[in-house]
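Q: Sequence:
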Amino acid sequence: MTRLIALLLLAGSAMLVTGCNTVAGAGQDISKGGNAISNSAEKAK
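The opening position of the sequence shown corresponds to residue 1090 in our numbering, with each subsequent residue numbered one higher.
Keep in mind that the hints were calculated from the coordinates and are not lab data.
On a predicted model such as this, the values are computed, not experimentally measured, just so you know.
For every residue, glycine included, the Cβ atom is placed at its ideal position computed from N, Cα and C.
Fair warning: there could be bad hints in the mix.
To be verified - Lysine to any residue pairs mimicking SDA-like chemistry, simulated, CA-CA at most 25 Å apart:
| hint | residue 1 | residue 2 |
| --- | --- | --- |
| 1 | 1134 | 1122 |
| 2 | 1132 | 1119 |
| 3 | 1121 | 1132 |
| 4 | 1132 | 1122 |
| 5 | 1132 | 1117 |
| 6 | 1134 | 1120 |
| 7 | 1134 | 1123 |
| 8 | 1132 | 1120 |
| 9 | 1134 | 1124 |
| 10 | 1121 | 1133 |
| 11 | 1121 | 1131 |
| 12 | 1132 | 1118 |
| 13 | 1134 | 1119 |
| 14 | 1121 | 1111 |
| 15 | 1121 | 1134 |
To be verified - So the derived label-pair ranges between C-beta atoms look like this:
| hint | residue 1 | residue 2 | range |
| --- | --- | --- | --- |
| 16 | 1101 | 1122 | 25 to 33 Å |
| 17 | 1118 | 1095 | 32 to 40 Å |
| 18 | 1115 | 1093 | 29 to 37 Å |
| 19 | 1092 | 1127 | 47 to 55 Å |
| 20 | 1092 | 1114 | 30 to 38 Å |
| 21 | 1093 | 1125 | 42 to 50 Å |
| 22 | 1130 | 1091 | 57 to 65 Å |
| 23 | 1098 | 1120 | 28 to 36 Å |
| 24 | 1125 | 1103 | 31 to 39 Å |
| 25 | 1121 | 1093 | 40 to 48 Å |
| 26 | 1117 | 1096 | 30 to 38 Å |
| 27 | 1128 | 1091 | 50 to 58 Å |
| 28 | 1094 | 1131 | 50 to 58 Å |
Kindly generate the complete structure, drawing on both the sequences and the hints.
A: What follows is the structure, encoded as structure tokens:
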């Protein structure tokens, strides 16, 4: 029973870490897109 609980905790931790990395990557991509739009707007002035 303790092995099962340990395995579930380990799997849950791995999912949490993977999810955080995915969200962080998406945030960086959105930020880069916003910077590109901002730079284009500055050049068009």
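Q: Could you run down the list of hints and mark each one as holding or not?
A: We went through each hint and held it up to the structure:
no. : hint                      : result
1   : 1134 <-> 1122             : holds, 19 Å
2   : 1132 <-> 1119             : holds, 20 Å
3   : 1121 <-> 1132             : holds, 17 Å
4   : 1132 <-> 1122             : holds, 16 Å
5   : 1132 <-> 1117             : holds, 23 Å
6   : 1134 <-> 1120             : holds, 22 Å
7   : 1134 <-> 1123             : holds, 17 Å
8   : 1132 <-> 1120             : holds, 18 Å
9   : 1134 <-> 1124             : holds, 16 Å
10  : 1121 <-> 1133             : holds, 18 Å
11  : 1121 <-> 1131             : holds, 15 Å
12  : 1132 <-> 1118             : holds, 21 Å
13  : 1134 <-> 1119             : holds, 23 Å
14  : 1121 <-> 1111             : holds, 15 Å
15  : 1121 <-> 1134             : holds, 20 Å
16  : 1101 <-> 1122: 25 to 33 Å : holds, 32 Å
17  : 1118 <-> 1095: 32 to 40 Å : holds, 35 Å
18  : 1115 <-> 1093: 29 to 37 Å : holds, 33 Å
19  : 1092 <-> 1127: 47 to 55 Å : holds, 53 Å
20  : 1092 <-> 1114: 30 to 38 Å : holds, 33 Å
21  : 1093 <-> 1125: 42 to 50 Å : holds, 48 Å
22  : 1130 <-> 1091: 57 to 65 Å : holds, 59 Å
23  : 1098 <-> 1120: 28 to 36 Å : holds, 33 Å
24  : 1125 <-> 1103: 31 to 39 Å : holds, 33 Å
25  : 1121 <-> 1093: 40 to 48 Å : holds, 43 Å
26  : 1117 <-> 1096: 30 to 38 Å : holds, 32 Å
27  : 1128 <-> 1091: 50 to 58 Å : holds, 56 Å
28  : 1094 <-> 1131: 50 to 58 Å : holds, 55 Å
When each numbered hint is compared with the structure, no violation occurs for any of them.
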